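There are 2 protein chains.
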Amino acid sequence: MDVEAVLQKVLQRIRPTDEERAFVEDLMTELKGIAEETIESPGFDVKPYFVGSLAKDTYLAGDHDVDLFLAFPRDTPLEELREKGLELGKAIAEKLDSYEIAYAEHPYVRAEYRGVSVDLVPCYDVESWRDVKTAVDRSILHNGWVLENLNGRNDEVRLLKRFLKGINAYGSEIYIRGFSGYLAEILVIKYGSFLEVLKNADFMLSQKILDPGNWLKREQKIAMKTVSREADADRPLILIDPVDPRRNVAANLSWEKYGILYFKAAQFLENPSEEFFFPRTQKRGNYLSELKRKGTHLVTLVFQAPDMVEDVLLPQLERSARGFEKALSREGFNVLGWNVGHEGSKAFIMLEVDRREREKVRIKPGPEFFTERGWDFYRKNERVWIRGKRLFAEKTVKEDITEVIVELIEKNQISTGKNLRECIKNAEILLDYVPKELKNEAYLFLSREKWNLKGQQ
Amino acid sequence: MDVEAVLQKVLQRIRPTDEERAFVEDLMTELKGIAEETIESPGFDVKPYFVGSLAKDTYLAGDHDVDLFLAFPRDTPLEELREKGLELGKAIAEKLDSYEIAYAEHPYVRAEYRGVSVDLVPCYDVESWRDVKTAVDRSILHNGWVLENLNGRNDEVRLLKRFLKGINAYGSEIYIRGFSGYLAEILVIKYGSFLEVLKNADFMLSQKILDPGNWLKREQKIAMKTVSREADADRPLILIDPVDPRRNVAANLSWEKYGILYFKAAQFLENPSEEFFFPRTQKRGNYLSELKRKGTHLVTLVFQAPDMVEDVLLPQLERSARGFEKALSREGFNVLGWNVGHEGSKAFIMLEVDRREREKVRIKPGPEFFTERGWDFYRKNERVWIRGKRLFAEKTVKEDITEVIVELIEKNQISTGKNLRECIKNAEILLDYVPKELKNEAYLFLSREKWNLKGQQ
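As given, the protein sequences belong to chains Z and D, one line each in that order.
If you read the first sequence in our numbering, its first letter stands for residue 4, the second for the next number, and so on.
If you read the second sequence in our numbering, its first letter stands for residue 4, the second for the next number, and so on.
FYI, nobody ran anything at the bench for these hints, they're computed from the structure.
Incorrect hints may have been included.
Copies of the same chain look alike in the list, so a pair counts if it fits in one copy or across any two.
[Said to hold, decoys possible] In silico PhoX-like pairs for lysine-lysine, Cα to Cα no more than 25 angstroms straight-line:
id, residue 1, residue 2
1, LYS453, LYS363
2, LYS367, LYS392
3, LYS367, LYS295
4, LYS398, LYS295
5, LYS367, LYS329
6, LYS383, LYS457
7, LYS136, LYS224
Note that the coordinates shown come from a computational prediction; the quantities given were computed from them, not determined experimentally.
For reference, chain Z alone in the conformation it holds in the complex (with noise of 0.2 angstroms):
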């Protein structure tokens, strides 16, 4: 199929429905009308505005959650701010279906209205990069500066987004540091479309820093100190943001995920398809098979994972799996590669070893001969014997992997999240077997399709 054919009949599944339009611009209207009644009662000084996708018309069909934001006045102090923002988002959320407190830099109230998820977010009227005081606070200005230089490449916006969504490498969340929605659309206004997005996806890392605000013109010395700050921090792509020359919009974007671009793209513009943007259900396949193939073995750690949100939880669940992969290396174990993950609130950790026993029989460095603590070794050792200054002995070893991991555990040998460690020693541990719900994902890991670039087309 030619690339134009491919793209109108993505766009067909992505471009929201006059339907849909219609449904959003009503929320929009109604929130807004909530939102406002509810400011002025207790006559609060504040402005709503919506942010986000939704705000700037870029939001896929389907993926409608509202960012409404309560602008406060710049000389609000901050303790206000929270306290007051706090009340405010939940007064107008009494109003709506149902809500909760969510957790970021302040406290916010996430609602749920009409099946919509409402964010309910108190930040500072800005109207400048110099008046930004919280992290959220430049959302209105992102806006703008959009809405502004789109243009009506709203579609092309969709597309690249889709297209991140499908190849895995969209969201700036930090356990996933793909490309945010903002960079997306930065990437289409300064490239033009999406197709030029790709055919740049080279050229962008050679080009390496890219600066649609002119700011490298506007405040040299500033921008100059972003960059030369990210520039240190390796990142692969410096994008000065539009608003605001002290910020890399990709400060966030990890190597792997341009990676993952950077092939994708390519393999795209060669052999364009819909499963770019809408990936067949992941490759199915027999995990066990593949330890035959491979001539390796997996262990499985399932246990209860604990009340914490997902942002939190998959970085210690990564943070663990390398615990038990320096551990076990240690141990003479080698890991060729770990998987971590949940399944509702079992979290698992699979680590893919090279053999589940190790030999029976070590070898046991002592200390130096000539001391208490040589004569010590000499005594308790049976078979003992010099190289060096050193005595050594042999030592019998604990056999299974199981029961080495289990000894770690116990030994509090093995650097977890530090929230994990209790539920860790509860762990269940398999080896070489999976409960049914993890099939596949054993599937996946084993078979590195989980992130074989080549994979899904």
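Keeping the supplied structure of chain Z fixed, place chain D upon it in accordance with the hints.
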């Protein structure tokens, strides 16, 4: 048995009988006659000296190699000494049963006479350490010092030498690095008896510097230089040669051999037995059972050793074993120990490894993804993913350790003793199997009985 009774029994076995003594004296008289007669004929100005354990009467029964030194005047040029010394040696040896030329610092003649090996070694006729010009010159001084100081404790020296042989710590050759005969003699002279040497085996180390020649007073500057040099070299013992303040008699003693004396002395004093002096023929056992017990594997390389003396061959075998250890651990095999040696002209290198196969699939790190080489790597491999900036792929690897070794040898990736490279290329590589003549060697190695400090009594 009490210790005196043990020593008496041992002495009966190691003290030469009157008959042997008569034979030795007769032999020496005869050799002296032949030497003097040969020296006179072409008008050599050379004095024959007997040195070594025969001359000092510290030889063990049945062990009576003759060292006949041919001492040239001190003003003989070195070149002349080499030439005439060899010539004279040959002339004497012509009158004996057979001979060959051997090589140390200078060539000398090794002859056979009446079933005894006779070394005819040219040297300078030195009277003091200041005259010493070649390595062998000191022997005459050693001989004199021992004769002067031994005071009838010849049997004590015999006991100590036999003990050191029994525990496998005798011999100052570079591939043994144990106690020399002269060192044993000095220790007996210093501590008074065999038992006192054993009782001081520990103290000796803490005292560290032994100076029976009183050089630290007589030649303080030179002796201190020796002490500081040898302390820097971290010798277990510094025994300033009573005939030469520049030399540490224990310079070649290794920590291992000293350590063996250290533990065996304590064992003997606690539980005296003849077996320390005459260990039962080494423990026998089944190496295959050892492999099973330990869960490890044995790789043995057997090859035709090149024609070289043992003190060149053994260090090269050791270097090669270390080369294998290093290369195999790079390849994912853990080498628990190695053992080298030869049976006649067949040399062997044994390596105990943790497993005979390694995983079939390995993770292969590739180049950074955004490079030409990155694209190559991407194209060449089936499953490719990114970690950081680098590409990774799976790689199928050779499985069997034998194949791995063959490949390592072919690719010259093992650092070996320089004269062994070619023979190792033609080595037979045996896995968990050794030829009949190496069966017990394999057992002693795998069980570590070969080096076990607690073995053999």
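Okay, the hints, checked on the actual structure:
Taking CA atoms no more than 25 angstroms apart as the test, LYS453 paired with LYS363 passes between copies only; the shortest distance there is 20 angstroms, against 35 angstroms inside one copy. Within a single copy, LYS367 and LYS392 get their C-alpha atoms as close as 14 angstroms, which meets the 25 angstroms cut-off; across copies the closest is 39 angstroms, which misses it. For a Cα distance limit of 25 angstroms, the shortest separation of LYS367 from LYS295 across copies, 19 angstroms, qualifies, whereas the shortest one inside one copy, 33 angstroms, does not. In the homo-oligomer, the alpha carbons of LYS398 and LYS295 lie at most 25 angstroms apart only across protomers (15 angstroms), although the nearest pairing inside one protomer, at 31 angstroms, exceeds that limit.
In this assembly of identical chains, the alpha carbons of LYS367 and LYS329 lie at most 25 angstroms apart whether taken from the same copy (20 angstroms) or from different copies (19 angstroms). Proximity of LYS383 and LYS457 under a CA criterion of 25 angstroms is satisfied inter-copy only: 11 angstroms between copies versus 56 angstroms inside one chain copy. Proximity of LYS136 to LYS224 under the C-alpha cut-off of 25 angstroms is restricted to the intra-copy arrangement: shortest distance 21 angstroms within a copy versus 76 angstroms between copies.
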